[in-house]
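Trainee: Sequence:
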Amino acid sequence: MARYLPWRGRFPRGRSDLPDEMVEFVARQVKVSAADIAFYDFGGRTIKGDRRELREALGWRPCGVPDAEKLATSLAEDLCTKERRPEQVRVELLSRCRADKIEPPTALRIDTIVRSALHQGEQLLIARVQARSGPEARQRILALVARPGSGDGDASGEQADREEVEDEAAGVLGQIKQAPGDVSLNSMLTEISKLDLTRGLQLPDGLFAGISPKIEGVAGPGLRRVA
Numbered sequence: 001m002a003r004y005l006p007w008r009g010r011f012p013r014g015r016s017d018l019p020d021e022m023v024e025f026v027a028r029q030v031k032v033s034a035a036d037i038a039f040y041d042f043g044g045r046t047i048k049g050d051r052r053e054l055r056e057a058l059g060w061r062p063c064g065v066p067d068a069e070k071l072a073t074s075l076a077e078d079l080c081t082k083e084r085r086p087e088q089v090r091v092e093l094l095s096r097c098r099a100d101k102i103e104p105p106t107a108l109r110i111d112t113i114v115r116s117a118l119h120q121g122e123q124l125l126i127a128r129v130q131a132r133s134g135p136e137a138r139q140r141i142l143a144l145v146a147r148p149g150s151g152d153g154d155a156s157g158e159q160a161d162r163e164e165v166e167d168e169a170a171g172v173l174g175q176i177k178q179a180p181g182d183v184s185l186n187s188m189l190t191e192i193s194k195l196d197l198t199r200g201l202q203l204p205d206g207l208f209a210g211i212s213p214k215i216e217g218v219a220g221p222g223l224r225r226v227a
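With the first letter of the sequence shown counted as 1, position 164 gets the number 164 in the UniProt record's numbering; the numbers rise by one all the way through.
Worth flagging that the hints you see were computed from the coordinates, not collected in a lab.
Every residue, glycine too, gets a C-beta built ideally from N, C-alpha and C.
Please note: incorrect hints may appear among the correct ones.
[To be verified] Dumping the calculated DSBU-like pairs for lysine-lysine here, alpha-carbon to alpha-carbon at most 35 angstroms: (1) Lys82 <-> Lys70; (2) Lys31 <-> Lys82; (3) Lys70 <-> Lys101; (4) Lys101 <-> Lys194; (5) Lys177 <-> Lys101; (6) Lys31 <-> Lys48; (7) Lys48 <-> Lys70; (8) Lys177 <-> Lys194; (9) Lys82 <-> Lys101.
[Unchecked claim] Pair ranges (Cβ atoms, derived): (10) Gln29 <-> His119: 19 to 25 angstroms; (11) Ala107 <-> Pro66: 19 to 25 angstroms; (12) Lys101 <-> Ala179: 49 to 55 angstroms.
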């Protein structure tokens, strides 16, 4: 296990994790039969003590709460504003655990850290775009998606009919996102009106500078609302 931990970044879960060549090599070094590995209990009390001793000797540690929070934050800042695929974030997480000599947490905790990193990365992107847009542009965007007549409506009625409000709040923005359909005079006029509405937002240049175009396709709902 002393060789396996630096190699794979974790302890073996059972005999099947250990390559036969490794078992035979270590057996020759300590002058025992390679078959003796069958008597080692990978789920008992002995392995817990062995893991503790190996961590102390090799400078490794289990993944604690501060480690998980630090990993999620660093992944959000360094990776998740550019990479939104959970499987790729997981690969980088395990790589950083190995580099920092942190024993990876359980699969459930890994998923939690990945989700946290992706969420934090999305919030960073949203904050970046909002800071670039400026208050005037944000007001024009809000006016574009505002629910018609929302200022005169009854607040309790809107709360009770949330789904309807959300549908109406899509408003003109929803029309802009609609597919153009078959080519015709009407469809061309519709697309021209969409272009005029978009230009009317007067968004600043470089609003999405440094943000890959592929991000929107895999981003969460928060970033898609901004984009």
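Trainee: Broken hints, numbered, in rising order?
Mentor: 2, 4, 5 and 10
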